[in-house]
Amino acid sequence: MSLLELRCVDFAWPGGRGVLDQLSLTVDQGSMAAILGPNGAGKTTLLDVCLGWKKPQAGGVFLQERPLSSFGRGERGRLMSLVPQHENVRFDFSVTEYVLLGRAPHLRPLAAPGKRDLAIAMEALEATGIVHLALRSIARLSGGEYQLMLIARSLAQEPSLLLLDEPASQLDPANQLRVVRMLRTLASRGISVLYTSHNPQTAAVAADTIHLLSDGRLRFSGPPQEVLTERNLLEVYGVPLHVVWAAKNPHFYWDVD
Amino acid sequence: MAQVPESRRAPGAQGGGVGLPRPGTGTSPSQPRDGTRFLLLLLLLLVAVAALSVFLGRYPAPGFLSLHTLFHDPLAQRLVLAIRLPRIVAGILLGMSLGAAGTVFQMVFANPLVEPGFLGVSQGAAFGAALGIVAVSANPAIVEASALVFALGGLWLSWILARLIRYGGWILRLVLAGIAVSALFSAGIGAVKLVADPLSQLQEITFWLLGGLWNVTWRDVLFVAPPAVVGLSVVYLLRWKLNVLSLDERVAHSLGSAPGRERVLVLFSATLATAAVVSVSGLIGWVGLMIPHAARRLCGTDAAKSLPSSMLLGAVFILLCDDLARTVLPVEIPLGILTSVLGAGAFITLMIARREERNR
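So the protein sequences, as listed, match chains A and B.
For the first sequence, the numbering used here begins at 1 and goes up steadily by one.
For the second sequence, the numbering used here begins at 1001 and goes up steadily by one.
Bear in mind the hints are in silico, worked out from the structure with no lab data behind them.
Computed from a predicted structure; not experimentally measured.
Incorrect hints may have been included.
Keeping only pairs whose Cα atoms sit at most 25 Å apart, straight-line, the calculated SDA-like set for lysine to any residue is [unchecked claim]: (1) K55(A) <-> E1262(B); (2) K1193(B) <-> V1134(B); (3) K54(A) <-> R1261(B); (4) K115(A) <-> R1037(B); (5) K54(A) <-> K115(A).
My request is simple: use the sequences and hints to build the entire structure.
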């Protein structure tokens, strides 16, 4: 069953510049899909459209085969969560206080989180492996810990679909691996994951399906070994990228000269 | 994952309410951070300070009024009932409103440097008061009504202007509009001062701008209480939600909230309360800016606790300052001067002390 479906979506800024052009995309239940493309291809805008934060000028967004616009705000928040690329939290919450904010769509209008919510937040911290940071001030987290905390917050939302914007782009290799493994664990537990990446490597190692996006259009969609060919990548990135398959994973490099 | 030492282990196992952990707990387990207990303590402190304030004053002599005098001196009874009590109630409302509104503004604008008068409210009230004094009379009822009308007018103008600005996100537009409207009203105050009678009206205006509660009566309290209580109640009920509203707009949206509408609701409620109290007290500096910082320092960032603690702390602070204002010298010291001096002093101390806490 398709969890999220975009049908022929057009999105343009009020000034007129088109960002998404006749874009159709399906995310199945429990699948893990990556949107891969160069900077400025429209990846973040695509996530915003999925989230209902930006309204497309044409086409439709469907969640569980129902139009997204027919969902209440809380209902949508219980189904879909977002990990943005940059999230600047201006106040000095503790990690647990911050992760508890993920419970917002599950709470009654004037309620604050209770014991059950706290237990769910702790589970999210456990799933992301940062229980030891529960009481830490978020001003004192490293970049990797911060990213894991954002993911924990979105897990506390208990979503069916997790949207992540460049979840690994600012992390060192060890933390990239941690995030990728975690996303795969989540997908194996039935949570669908849709994430963006400008780096073919992080897209290739984790996703079942890769959507290659450039200039607001989906150029190619399919499993990594079909989509990540040198020809396709040249078309999308505009520079020749070499692909070597080793140990079932593709590896990418380019010639400097 | 490595074993976590018991003292740093996450809460939940600790029983007794949802004790949210907060920064610093891990490094100083000796300090219990039970927010509820802290709030209760603050509430007791407020009650104690309010009770003391009833007895403190300069009648019959500077210092405390004895119970004996209170029971046998009809003048003392009238003084307490007609002057001190309304003044104390107004002080509590003023402190609570400024503290709560300061927290709301700082959270919603995600900026720890804004204060409640920001959206044209303070300068609007000041302009209204000055205009009332010059154009009509120094009758307090007229001055207050005029201040309230222009305070709300300042909010309304900022609101309209923010809707018209065709640039930036909603919050940025509100900020720009608030700055512009405040500047307009400041210019207006200057103009009114220019035409004011320097021997009487100008002094009235200056005294009003310095702020104080010296002429508060029960009539004033009845005038101020309804909007203040309504505004404070809305903000209090939505206190946990303020955390969500302090996040980026799209994140708040992804959390199932309507950031635009909800932010407007809490901002409007906070401003309503501020406009009401300021129209009686005049400009009281520093409270709305400093008290929320102090509250966050003392009981953590989570607005579910820092908002009520900011309200209580604001009320205690105003009562103490007002006690000094009316007791120390034979003449009244303007409250705004005291809050600024003591507030800035306390603020600097707080920011310098306990440096292990923060790094921003």
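Here's how the hints hold up against the structure:
1. At most 25 Å may separate the alpha-carbon atoms for a hinted pair to count; K55(A) and E1262(B) meet this at roughly 20 Å.
2. Distance restraint check for K1193(B) and V1134(B): the Cα-Cα separation of roughly 8 Å lies within the 25 Å cut-off, and the hinted pair is therefore satisfied.
3. Taking the CA atoms of K54(A) and R1261(B), the gap is near 16 Å; set against the 25 Å cutoff, the hint holds.
4. Our distance criterion of 25 Å between C-alpha atoms is met by K115(A) and R1037(B), whose separation comes to about 18 Å.
5. Between K54(A) and K115(A) the alpha-carbon distance is near 34 Å, which puts this suggested pair outside the 25 Å criterion.
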